[in-house]
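There are 2 protein chains.
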Amino acid sequence: MRYTPAAEITERLSNLRILMEKASLDGAFFHHKVDYFYLTGTMQNGILFVPADDDPIFFVKRAFPRARKESPLKRILPIRSSKEIVSELKPMKRVGLQLDVMSYNDVMQFKKFLGSAETVDSSPLTRELRKYKSPYEISLMKKAGAIGKKVYARVPELLKEGMTEIELGGLLEAHAKALGHEGILRTRSLMFEAYSWHILSGISGTVVSQVDTPAGGLGLSPAFPMGAGMKKIKAHEPIMIDFPICYQGYLVDETRMFAIGSMPELFLKAYDACREIQYRVLDKALTGMGSDKLFEYSLDLARQMGFGANYLGVKQHRVRFLAHGIGLELSDMPFIAAAHKYPIEKNTVLAIEPKMVFPGKGICGIENTVLIKDGAYRVLSNTDERVVVV
Amino acid sequence: MRYTPAAEITERLSNLRILMEKASLDGAFFHHKVDYFYLTGTMQNGILFVPADDDPIFFVKRAFPRARKESPLKRILPIRSSKEIVSELKPMKRVGLQLDVMSYNDVMQFKKFLGSAETVDSSPLTRELRKYKSPYEISLMKKAGAIGKKVYARVPELLKEGMTEIELGGLLEAHAKALGHEGILRTRSLMFEAYSWHILSGISGTVVSQVDTPAGGLGLSPAFPMGAGMKKIKAHEPIMIDFPICYQGYLVDETRMFAIGSMPELFLKAYDACREIQYRVLDKALTGMGSDKLFEYSLDLARQMGFGANYLGVKQHRVRFLAHGIGLELSDMPFIAAAHKYPIEKNTVLAIEPKMVFPGKGICGIENTVLIKDGAYRVLSNTDERVVVV
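Which chain is which? The protein sequence lines are W and E, in order. Using our numbering, the first residue of the first sequence is number 1, and each one after it goes up by one. Using our numbering, the first residue of the second sequence is number 1, and each one after it goes up by one.
The hints are simulated quantities; they were obtained by calculation from the structure and are not laboratory data. Predicted, not measured: the structure shown is a model, and the values here were computed from it. One or more hints might be untrue.
Covered stretches of chain W, going by a simulated chain E footprint (3 or more residues, C-beta under 8 Å) [what the hints assert, rightly or not]:
| hint | segment |
| --- | --- |
| 1 | 32-45 |
| 2 | 94-101 |
| 3 | 167-176 |
| 4 | 206-214 |
| 5 | 362-374 |
Think about it this way: if two alpha-carbon atoms lie no more than 25 Å apart in a straight line, the pair counts; the simulated PhoX-like pairs of lysine-lysine are [said to hold, decoys possible]:
| hint | chain 1 | residue 1 | chain 2 | residue 2 |
| --- | --- | --- | --- | --- |
| 6 | W | K83 | E | K315 |
| 7 | E | K361 | E | K232 |
| 8 | W | K83 | E | K341 |
Part of the chain W face toward chain E, derived, beta carbon under 8 Å [to be verified]:
| hint | residue |
| --- | --- |
| 9 | R2 |
| 10 | Y3 |
| 11 | D121 |
| 12 | T164 |
| 13 | G180 |
| 14 | I184 |
| 15 | L220 |
| 16 | P222 |
| 17 | P225 |
| 18 | Q248 |
| 19 | S331 |
All C-beta atoms, glycine included, are put in the ideal place defined by N, C-alpha and C.
Please model the complete structure; the sequences and the hints are all you need to start from.
Here it is, written out as C-alpha cells:
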C-alpha cells in the first residue's frame, strides 16, 4: 500500500488554513470522502474537522486502526456517532459544512450540534485547493496514464467484428483492473454516474444520453442509459473508446478512435479537425485567454473547418464545455466552458475532449488529460493518437 | 431495449397517491434518478413532479425524445433549467422534496421556487413503495440471479493460484457485463460505494473497511480501501466471492465460497453454520417475528454453534445487520437489523448475509437474495451453495 506522504498533507492543510482565514471561518468540517481523503490521506469512514487555531481532528466512525495507519494526522479519534463530535468542539461563530454534497437532512442534523453558529459552504475551499496539482499528484496521474496506454494497446487484439460494445468494454476493464485501475469514476453528484467502459460504435455515438456530453450511447437499459450497450460492433464504422483510468484515487481521461477494416473518410477528417482544435486551444490557453473565450475560439475553429454543425453535439444537444478539470473527481476545476470566465492557470489539469457528432452515422473525437505548466503543457494520457484500424 | 410496462407505472403512481394523501401533500418532487425511474420508466436527466390532483409531469433537462420513448407518462416537458418548472406549478401549501438525497444547496435553491410552501421529505414515500416488489420486478431480479449463476459457474475455470483478487474480479465482471450486468451498484448515499468485484482471500477477509459490513478487504489503495486488492490468491485459504449483479437496474446480491486445493476445516464448519443460520432466520421471519428479534435470534444461533465471537465481525466491528432490502438500490427496505422493529412482510426482497470472521485467518459466509412470500420464501440467487474446491 502506498500512503500519501506526510509533507503533502501538511502542505494541503496549510493552504487550507489560508483559505479559511480569508473566509473568516472558525472551523470547517469535511464530510465528502474525496475531500477528506485529500486532507488526511485516509478514506475510512469519518468526518474531518479543521479548527482555525488548532490541529485538525479526524473523527473515525469505522476502522480506526486503519485510519491511523493511512493518515499522518496527529489527532485521530474513534467515535460511534456524529453526536460525539460535539464534546471536542469549542464555541464557534462561523463554521464551514460541505453544503454541495451533504444531503439536506444531514446538514440539518449537523446544524443542531453546532447551535447558533453560522454555517457556510466549505466545499469551495477544497475545490479551490484541489484545482492545483502537486508533483506527487501528477506522478500518480502519470501512472494512471501509463495504465491507460496499456489498456488501449490491447484493443487490436480484443476488438472483433460482431462482439457487443459492452463485451469489449468488460474485457478492457478486466485488463485495466489487473493493472490497478480502480473502476469507479468519482464525480461530485448523486445525479451523475460515469463508467470506464464508454464504447460507442457507429450510430450508438449519435444517441444523446442523460449526461451532458456529446458522447451519449444507448447503454444497457433505460436504467443505465449511457455508454456501451448490446449493439454489435461492425466493420467500417467509427468506434470511439473513452476509457478513463483511476489509479490510487486519481483519474486520467482519454479517448481514441478505432475501426475494423477501414474508417470512413468523413470521420478521419473530423478526427484530424478534433486533434487540431485540441492543440490550438491548448496553445491559446497558455496565452491567458479566458475560459469562455477559449470555448468560443474552439467553436470558430470548428466552423472554419466545416464542422460547425457537428462540433460538441448537434443542435440543442451541443454541450457547453470543451474541457473539464480532473484529479480525484471527474468534475475538478477548471473547465473550458461557455459559462466560465477565468484563465486556465498553471499546475491545473484538464481533460480536453473535442468531439463531433454526425446524425445517423456516428461520433468521433479525441480526449487527452493535460497538465498546464508555465508557458507549456504536458499530455498525461499518452497513447498514440493515430486512428487504429484492425 | 426493454421498457417498463405502462400498467406497472400506472399502479406505482396510484399507490404513490395513496401515500401522498396520507401525508397531506399537495404535490411531491422526485429528483433522485432511481426514484423517478421507478415512477416514470426513464432515467433521462430530469425532475418528476406529482401533483395531488392532476397528471404527473416529468420535466426533462436532456434527451427529451428518449424520455418520451422510455416513459408512458402523458405529460413530459422539455426544460432548460429548474426555474422553468415554476410556471407549471399551482400554488401549494405542503410539498415533498427528496431531502435525504438532494444536497442542501439544491434544496435551498428549490425552496426559493416554491415560495412559502412547507417542504417535507418525499423519500419515505418512494422507499415505502419500492419496499414491495411486483411480479414484473421479480422477473427482472430472477434474470439478474440467472446472470449471477453463470458468473459463478466460470470461477472454476478462471481461478488460478497466484492471480490477484482484482484480476479474478475483473475477469468475472467482464463475463457478467457481456451477459448484461450493469456494473454500478446503486446505494442511496454519496458516502457509500459498492463494487461487484468483492473478492476476499485468506487474511484479506479480516481487514475491516470503511463500509459497515463484516467483509471488508484491503482494496486497491487508501483511495479505494475495500474489496478485492492486489493480494495473490493462495491454495488452501478460504476465498469469498461476493458478486452482486445489476440487470435492467435491478440488483441481486450473492456470496459463495471457493478454495484452491482444499478449504480449511474451520471454514467448512463455519460456512455450514452460516447456511443454517440463514435458513433458520428465514423460517422465523415467516412467523412475523420483528426485525430486531430476528437479529437477536441469529446471534443466539451463532453462539450456540460456537461462533459467537466470529459472527458478523469481531468485537467492536461486529455489524448490526444481517440482511438488507434490495431492488433498484442495495439499501432498499426492509432490513434485519438490531435497530429495526417491524416484521418482514410478504413481497419484500432481502439480501441475507451471515458471515463469520476469524482474525489472522479469513472470512466465510453466504449471501442470498430472497423473496418473502405468503408463508414461504423463494431464493432468487440460485447458484449451488456447496463450497467449490478447484
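For the hint on P222(W), just tell me whether its beta-carbon gets within less than 8 Å of chain E. holds, 5 Å
Would you settle whether the hint for R2(W) is holds or violated, based on the nearest Cβ-Cβ distance to chain E being less than 8 Å? holds, 7 Å
Between the segment 362-374 of chain W and chain E, are there enough contacts, at least three residues with CB-CB distance under 8 Å, for the coverage claim to hold? violated (count 0)
Are the Cα positions of K361(E) and K232(E) separated by 25 Å at most? Holds, because 15 Å separates the two Cα atoms, which is no more than 25 Å.
Using a Cβ cutoff of 8 Å, are there at least 3 residues of the segment 167-176 of chain W near chain E, or does the coverage claim fail? With 8 residues close enough to chain E, the hint holds.
G180(W) as chain E interface residue, shortest Cβ-Cβ below 8 Å: Where the cut-off is 8 Å and the nearest Cβ of chain E is about 6 Å from G180(W), the hint holds.
Chain E contact restraint on S331(W) - CB to CB distance below 8 Å: Given a least distance of 13 Å, the restraint on S331(W) is violated.
Cut-off 8 Å, beta-carbon criterion: hint that P225(W) touches chain E: holds, 6 Å
Mind checking the CB of Q248(W) against every CB in chain E and telling me if the closest is under 8 Å? Given a least distance of 4 Å, the restraint on Q248(W) holds.
Taking the closest Cβ pair, is D121(W) under 8 Å from chain E? Given a least distance of 7 Å, the restraint on D121(W) holds.
Interface hint status, L220(W) versus chain E (Cβ within 8 Å): Result: holds, 5 Å to nearest chain E Cβ.
Do three or more residues from the segment 32-45 of chain W put their C-beta atoms closer than 8 Å to C-beta atoms of chain E? holds (count 8)
Going through the hint list in order, the structure does not satisfy hints 5 and 19.
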